[in-house]
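Chains as they are written, first to last, in the working numbering: chain D, 1 to 343; chain B, 1 to 343; chain V, 1 to 343; chain U, 1 to 343.
Source of the hints: derived by calculation from the structure; they are not laboratory data.
Treat each hint with caution, since some may be false.
Each pair may be met inside one copy or between any two copies, as identical chains are not told apart.
Unchecked claim - Pairs of lysine-lysine, BS3-like flavour, derived with a Cα cap of 27 Å:
#1 K337 to K26
#2 K30 to K337
#3 K26 to K104
#4 K223 to K104
#5 K337 to K104
#6 K104 to K30
Protein chains: 4
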Amino acid sequence: VIRAGVVGATGYTGAELLRLLAGHPKVDIKVITSRAEAERRVDDIFPNLRGHVDASFSEPHLEALAECDIVFFATPNGIAMTMVPELLDMDVKVVDLSADFRLKNANVWAEWYGMSHSCPELLLEAVYGLPELNRAAIREARLVANPGCYPTAIILGFLPLLEQNRIDLQCLIADAKSGVSGAGRQAQVGTLLCETAENFKAYGVPRHRHSPEIQQVCSDIAKRQVGITFVPHLVPMIRGIHATLYCHCSNPDDDLQMVFAGRYADEPFVDVLPPGAHPETRSVRGVNECKIAVHQTQGGMMVIVLSVIDNLIKGAAGQAVQNMNLMFGYDETLGTKATALLP
Amino acid sequence: VIRAGVVGATGYTGAELLRLLAGHPKVDIKVITSRAEAERRVDDIFPNLRGHVDASFSEPHLEALAECDIVFFATPNGIAMTMVPELLDMDVKVVDLSADFRLKNANVWAEWYGMSHSCPELLLEAVYGLPELNRAAIREARLVANPGCYPTAIILGFLPLLEQNRIDLQCLIADAKSGVSGAGRQAQVGTLLCETAENFKAYGVPRHRHSPEIQQVCSDIAKRQVGITFVPHLVPMIRGIHATLYCHCSNPDDDLQMVFAGRYADEPFVDVLPPGAHPETRSVRGVNECKIAVHQTQGGMMVIVLSVIDNLIKGAAGQAVQNMNLMFGYDETLGTKATALLP
Amino acid sequence: VIRAGVVGATGYTGAELLRLLAGHPKVDIKVITSRAEAERRVDDIFPNLRGHVDASFSEPHLEALAECDIVFFATPNGIAMTMVPELLDMDVKVVDLSADFRLKNANVWAEWYGMSHSCPELLLEAVYGLPELNRAAIREARLVANPGCYPTAIILGFLPLLEQNRIDLQCLIADAKSGVSGAGRQAQVGTLLCETAENFKAYGVPRHRHSPEIQQVCSDIAKRQVGITFVPHLVPMIRGIHATLYCHCSNPDDDLQMVFAGRYADEPFVDVLPPGAHPETRSVRGVNECKIAVHQTQGGMMVIVLSVIDNLIKGAAGQAVQNMNLMFGYDETLGTKATALLP
Amino acid sequence: VIRAGVVGATGYTGAELLRLLAGHPKVDIKVITSRAEAERRVDDIFPNLRGHVDASFSEPHLEALAECDIVFFATPNGIAMTMVPELLDMDVKVVDLSADFRLKNANVWAEWYGMSHSCPELLLEAVYGLPELNRAAIREARLVANPGCYPTAIILGFLPLLEQNRIDLQCLIADAKSGVSGAGRQAQVGTLLCETAENFKAYGVPRHRHSPEIQQVCSDIAKRQVGITFVPHLVPMIRGIHATLYCHCSNPDDDLQMVFAGRYADEPFVDVLPPGAHPETRSVRGVNECKIAVHQTQGGMMVIVLSVIDNLIKGAAGQAVQNMNLMFGYDETLGTKATALLP
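The following block holds chain D by itself, in its conformation from the complex:
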């Protein structure tokens, strides 16, 4: 049994992580921390966990966390990096769901996150936790940087095309749409129901923090620098990301359906839909899955990939559990199989 700790568990990602870990047959949640809510019962904030997580939040102390086999960080950016080095020294494995270890270049990180990185030497060690890309490395990792939600949906959608060098790398477009839970559980006017319901808008054009992450990973896959335009939008719903990806095919006769189906044939959590399909975010709501459809228009020259995930599961907590399973030698799907609720 894995003894697990969750740091910063009062956000939506933390809540999902607790829900998944509580239902995982090989996990015992030992520590749940929150500075702001220390002493308060977890199910007081998350009523769905009543009867499932019988615990209270505690202050984050290294001594308590050192008793764990693994610690998950579901904290704001800039927190994990202050605690991770010591945890690793004490032989605790770490999955960081924040952005602290996703970029390889400390200067780029500092530029985008507005502070200098406190342990840049770990940036190179950290494994980018997308199992479909880095499964072997994740198995051996001490420190996993769990991917961002937008990057997960977008990278899985471009991956087969990048690996096989099928597309023009200079004008990739990722038009992405996210439910409001992607903005977190902070008290802020911009994500009130009255500000987001019955409304649709783009935001973060031209700069969104997920851009360098997408850029870096796609370039790594393509083994060349790629040019990506990324435009995020806010959808009046709670969960789900839909990425609509556009790129130009090098060869209009390519059978891209076969490329995708082949690449993901053995992946437990990527489902390539049949030709002509349109994946819906609700079909993956609450489950650790990415559904993908690929279309070609304009005589095959224009490739359109539709990729959907639940931003809190495959885009965060579910992928973190998937990574934990790999790191501890368990079946990758343990505790993350479920069927989406519909309607």
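Given the structure of chain D, go ahead and fit chains B, V and U onto it with the hints provided.
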């Protein structure tokens, strides 16, 4: 392993039943019928079942259904009663999720459902499938009438008060609110998103079909005729029922919190919240649970009970599986434990 | 032309007031204040006002407000009372949309609002601004206490019954449901889309601040103390209040439809629907109207009144403009006629 | 005063048209037709029109329509073309809100709409009713083809770039998102609240009926054949279209903000937002306006245009009234000025 059939599985109740049965460790789904969608793959209509239910709809034939140990009817009213007698004769157990067997009096049934009942003799045999009320009888039953969604939320909220004779029976009020999935998956203007989103209204005043069911069961519990006013409302959300119940306490010094907590102490699927609580429908979304809070105002004279369920689970498919477990001697909670998604 | 000032215009009530005043043919908005947003353009916060309100927020200064003929307070409770006495002294009329002047008894006010009242002598002078009840007094008033949103919907629903003494005054029940905008534009977790969408719950049982206001006004109308149970609920939508009112008829033979139709025949903003109707909140969204239907069940003994308003219009800003029109001798409907958007 | 008729007024476009015409100071609605709802009161279907439109639906008869100065068709595709020739012969002007007269080529029309066109000779006469493009011609027109909702948002977004030949015409991308009202008021499963709420998906890839319309008009503007990829998506809200447009700038030093601001400086219903802005659909909800922002990324090479409209107003009924004003020599903005509701 129980061989199960589902008749009329193209509605939301049917879809939920398939989802639950597919995840049930002791069930093998043998037959899934639909006249309208015969031959079509189930996951074509319900994309969440892709990879979980690998089957197509078939025409409803008695021979195929006779191979089952149990048949669930998720059909419009008036269908089950035409097939149930023969199935029972062939030793197939039945859980009917429609209203065909919920009322004891065939004349009352005919008045409310606009047709005469084709097997009135079975009305008395049928057991009203509310386990918290009729657990022992359900265990022995061949035919279970699964309760309506509104009645489940309302009856569980009044039950302890009625059993203990704590309230004035003549002026019970049930102000109930339901998500739109309660109206089913039929093509109709009234439940389009554009007609129901950003809107709230009452409907069915003064006559709603669930009234006689609530009236009958509450009167049975109280062992006297009760007078109930029931007003349903449509909430702009998919799932969930919230019943706000009002009645007058016979004795303002009664500790009703204790009455509720005691009555439901051993119930796996009824959760009595602590004093002062307000249950939320989202806390039971997707799970087979009723959460209840009891309040007293006006010096204790006015009792307010707040009761929430997921109309498709505890109000339909989940309760049906709970009944099946009882009918076949399994642990009542098998296959119906889950943690609600939040947010 | 009326020179108008709006104090505290960064909330939803303030925004609606600006929208209505900007479209009013006899109003010139001179001052728009906000401490928090001073210097910021109004249309930067409320993009719908771009091209309609060409102004910036300013700090609230008495000198500037004294230049106005009327000042509206759309402030949190406890602010208006600190400025109103001086404004009145300077011959500025006031409509207060907060709760500072709604209660007549300073002790009751202090108990519910947690502070002592700074000008209790004005509580008696202030006219409760429900034109259907106090039209003549509003015409003469210097200071109008604009009713709360719940009280408006509830009082208009009970009014004809209370005036004509048709009901048992001791067990009135108001089961009310409100869209989330009723909770304001503050940054708070509880009203995030992710906390309120796809959810329904009661709140504030047994004590909500609108209770004493409802109690006071209903008792005034009935000329006797009434007993009211008020339970508010939160609906996953932006705008709208639906009040479902229950009471016992003194005489089951009363034709209550006629009572309502007669009482409101000349009211420009109360629409009594035909028998059997169910008013929808969307039918009054964006307009200054209350739609009401009356039903009788249980042989006429139980009266059910359904009453809907837009909480931000007839429940706040629209009623404030209606009051202003009366105070300045204009046609009561000036600037508040519009047709609701549907869908 | 213009005598107006509306054919097929039971859809959402028809309802909006009635709302706008009822509030128009120079219009008298003489005829409102619907085969399906003949004899039924209009406000029975559209409760918001109660008190504003005092009329019933009638069967569509040419004699009655011939009494009108203008007839609007808000019918399904294929209806208007059967009645328009006779109306024109009787000197009745026509604005067709369906797709019958939007394409110039009868063969292309037949291919996309699955029937042959009954009056192809009128295709060339019909003026495409986008005032920002064809104002002068609309003033003289007998027959106006009111643009589709997606085309309106997309063409207004590309227009300045196409006119000035600033972009690569071969790889235009229009990633468009629409509220559910765009799918109409038909009884169909796909647009039920339970199928569309809490969900996001693309549809109609690779072929949507608005593609040839966009293609034709954009090519006309550019005076060369353009290559456009159009992907529509369904947003869980009632109203609004957001088009995110991508194209490659011919010259990265172009100041496109100035190009847009200059082009639309005198347009009453196109609002070019300041640099860096993100228009929101709610800011145009209920109003006849298109708000546009232009961004450049990747060193200016990639142009991103964000364009929002209310699909039922600027994308349908509002634009139809704007066209009517032009056709009858009235101020173009008469009866279509309003301020969007927010929240």
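Against the structure, the hints come out as follows:
no.: 1; hint: K337 to K26; verdict: both (14 Å within a copy, 18 Å between copies)
no.: 2; hint: K30 to K337; verdict: both (23 Å within a copy, 23 Å between copies)
no.: 3; hint: K26 to K104; verdict: neither (32 Å within a copy, 49 Å between copies)
no.: 4; hint: K223 to K104; verdict: within (15 Å within a copy, 48 Å between copies)
no.: 5; hint: K337 to K104; verdict: neither (32 Å within a copy, 42 Å between copies)
no.: 6; hint: K104 to K30; verdict: neither (31 Å within a copy, 53 Å between copies)
Of the numbered hints given earlier, the model fails hints 3, 5 and 6; all others are met.
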